[in-house]
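Heads up: the protein sequence lines correspond to chains A and B, in order. Read in the working numbering, the first sequence has 84 at position 84, and its numbers run on one by one without any break. To convert, take the position in the second sequence, counting from 1, and add 1000; that gives the working numbering.
Since the hints were made in silico from the structure, they are not lab data. There may be inaccurate statements among the hints.
Computed far set for chain A versus chain B, every beta-carbon distance over 12 Å [said to hold, decoys possible]:
1. I28
2. R191
3. R265
4. D269
Below, in silico cross-link-like pairs of lysine-lysine (DSSO-like), each with a Cα-Cα straight-line distance of 30 Å or less [to be verified]:
5. A:K451 x A:K2
6. B:K1129 x B:K1188
7. A:K190 x A:K451
8. B:K1005 x A:K320
9. A:K2 x A:K320
10. A:K107 x B:K1188
Quick caveat: nothing in here was measured; it's all calculated off a predicted structure. Note that beta-carbon positions come from the ideal geometry of N, C-alpha and C, so glycine has one too.
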Amino acid sequence: MKTMANGAAVPLATIPSLDLAAFREAVIGARGRGRRVSSLFAAPRGDGLTLYLVLADDDEGVLECARAELDGAELSSMTEAAPEVHLFERELAEQWGVAPVGHPWLKPVRFQRSRRAAPGTPAPICGVTDFFRVEGDEVHEVAVGPVHAGVIEPGHFRFQCHGEHVFHLEISLGYQHRGVERSLVGGPGKRTIHTMETLAGDTSIGHATAYCQLVEALGAGRATPRGAALRGVALELERLANHTGDLGALAGDVGFLPTAAYCGRLRGDFLNLTALICGSRFGRGLIRPGGTGFDVDAAQLDELRRRLDAAARDVAGAVKLLWASPTAMARFEDTGRLDRELADELGLVGPAARACGLRRDVRKTHPAGIFRMVHVPLSTAESGDVFARAYVRWLEIERSVEYLRAQLAELPRGAPSRPVAPPRPEHLSVALVEGWRGEICHTAISGADGKLAVYKVVDPSFHNWMGLAMAMRDQQISDFPLCNKSFNLSYCGHDL
Amino acid sequence: MSTWKILVERLRQGHRTAAYPDEPPSLPDRFRGHPWLEPARCPDGCRECIEACPTDALRLDGRGLGLDLGRCLFCPECSAACPAGAIGFSGEHAMAARRREDLVVHGELLARAQALEERMLRLFRRSLKLRQVSAGGCNACEADVNVLSTPVFDLGRFGIQMVASPRHADGLLITGAVSENMRLALEKTYEAVPAPKIVIAVGACAISGGPYAGHPEVLGGAGAVVPVDLWIPGCPPHPYTILEGLLALLDRLPTERLQVVATVDPETVRWGRERAEHALRYLGADEGRGIQNQPPSTERKP
């Protein structure tokens, strides 16, 4: 395996090509060696495919990369031995027509046409698949979506129930598929950064930062110190806005309205801080290769600090009401519990993993950019339930506020950005960013012409959707909104 | 926990609902609202902004340089590329339109969207229930629609509400480029809304496909599937832009704003500022307050 750091680029030739058996062993043995699968994907090579594997070693803070050539249309499935690759294998099957033989749950991921399908092959019909079914006189099925009751993205959920009791939840996505990865091949083009900012619009900063780290690495450049610091500020503001919104929505889901109302407003206050920097509440236009597209002056920094303090005070007031409400806590505690072992097996990331006690946070374990200089403490909980997922968010809010106070007090001087050279030919780069939902992993390979030949996006939701399904086992169906919100996963980030 | 603590916190958090539309919205200095164009400044043969635009929102047509607000992502690329300071964004939040073609501007101001016709207005003016459908949206438009129901915007005070079922709705509010995979669901949801019904397309994706325009995986916006009554540009539109569009449609905005002239002589009018002053006047605010964005300097970014 080739060992590399987060945000580095290496010549493609240095990535060892394993035979399929060794590649399988690398995947299956990963957990035993303290590694987890960050990305697993295929790229076309003549009539065949090349498989790429990116493993994260959280203890050493390094990534390991390997590849293997696959010529047939079959692959012996690794999912039984390494459940964390279950969705990666389903994706391989769907995108490239490779059958993972022995996969226990082989179903469509996004209902997209295989990229190797003959022209004119009809696309599969979204949502038409063989759903898992529990049989019995008193068993019933509840189907929800793709259009939901709230203002939310589309997805289809099927519950197998006995009364209120949920035996099993199956989540079928793909409704948001817009052809993101396919469109990135041949770039970077003038739409590339906008695709990054909108592939999961609530994580514009996270995905745009991952992309910029990649193209900077491929071009042997890096962001300016001030640009890197401003990216960190934007990333933490994005986390604050979303975590605050999530805590409000969780309170709303159990009918505790004071926190719901205050946090709904405060989420907007954090978004408006991002808008103060770049004019857009979602940070559109802010993250650009070489640094940031906007700078802040002393007066804006003062204003940012003043409004951050005010919002932080109000969030603390709003959230403390929630923790002090026994009725709200009774609904949070022991609901949607996931144990640590299962979370680890499934390869969960982000607050959902940290709520089970897993120490996974890219800012801490694979720091890049400003996080190499300034560390953010890692926040975990143990109980793995809705309460833990909420509480981890609260801890992270406190730590992000502290981080921002320190950063805004002394940003590095200099220009916010500098030019970046075009990608060097035939290089591979991996960038990890800890978005508010968890690990964002982008992998890019440049071709002989210096264009992007392969671009692979793994949104944290890709790892975590199965976690939600498992957390719903043996719960009440009325707990679903609460469990769902405690994960708050992305549909478009998964569907791409 | 004592109710007392909740009440104390309630007092501390204060009353947060904005006075909009009786007062102008509070927007950040760098907010990129209604774009302005001063074609008179364009150097001969210059195509820098057209080349820079990621979504081909800028085009030369029979009337000169035209900007399609329905394709515009409100990104800073065109103004950064312009060597002459002939294009930029004003602080004006209002820019909804009833007809798709009205979203193409050539230097003129976009007129306020016309209200619904009388029969529909009688039905919906004081109570409009909408079903939101995200069809390939990135969750930014969705989030800024959602935020309208928070205390700051308090959509409920206008009688507008997002409802859980299309059967309870008077219309659809659609976001996203309409993926192939959502086509059927969108069609069925539209059919499930009882007539008469309205459709509102929110965001560049729902109007034109946005950054996904031309992808075979998407249909390029809501208009490909259902008839659209109101188009609200932005990527995503600011919540106030969405609210302004909804209120214009329901004739709930303060009156006396002129239907803005079709063209403004670019030689004599710096209309980014003019537009903002217009907005302030019709909102009844003091002259000179809240004009936020100036045309950017003519220096190129490094």
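Against the structure, the hints come out as follows:
Against chain B, the non-interface label of I28 of chain A holds: every CB pair exceeds 12 Å, the least being about 33 Å. For R191 of chain A, the non-interface assignment is contradicted: its Cβ lies about 5 Å from the closest Cβ of chain B, within the 12 Å cut-off. For R265 of chain A, the requirement that its beta carbon stay farther than 12 Å from each beta carbon of chain B is not met, with the minimum near 5 Å. The claim that D269 of chain A is not at the interface with chain B is violated, since a C-beta of that chain comes within 12 Å of its own (minimum 9 Å).
Restraint check for K451 of chain A and K2 of chain A: the C-alpha separation of about 23 Å stays at or below 30 Å, so the hint holds. Annotation: proposed proximity of K1129 of chain B to K1188 of chain B holds, straight-line Cα distance about 18 Å (limit 30 Å). Distance hint between K190 of chain A and K451 of chain A is fulfilled; the C-alpha atoms sit about 13 Å from each other, no more than 30 Å. For the given pair, K1005 of chain B sits about 10 Å from K320 of chain A by alpha-carbon distance, which is consistent with the 30 Å threshold.
Using a Cα cut-off of 30 Å, the hinted pair K2 of chain A and K320 of chain A is violated, with the two alpha carbons roughly 47 Å apart. Between K107 of chain A and K1188 of chain B the CA atoms are separated by roughly 25 Å; this keeps the pair inside 30 Å, and the hint holds.
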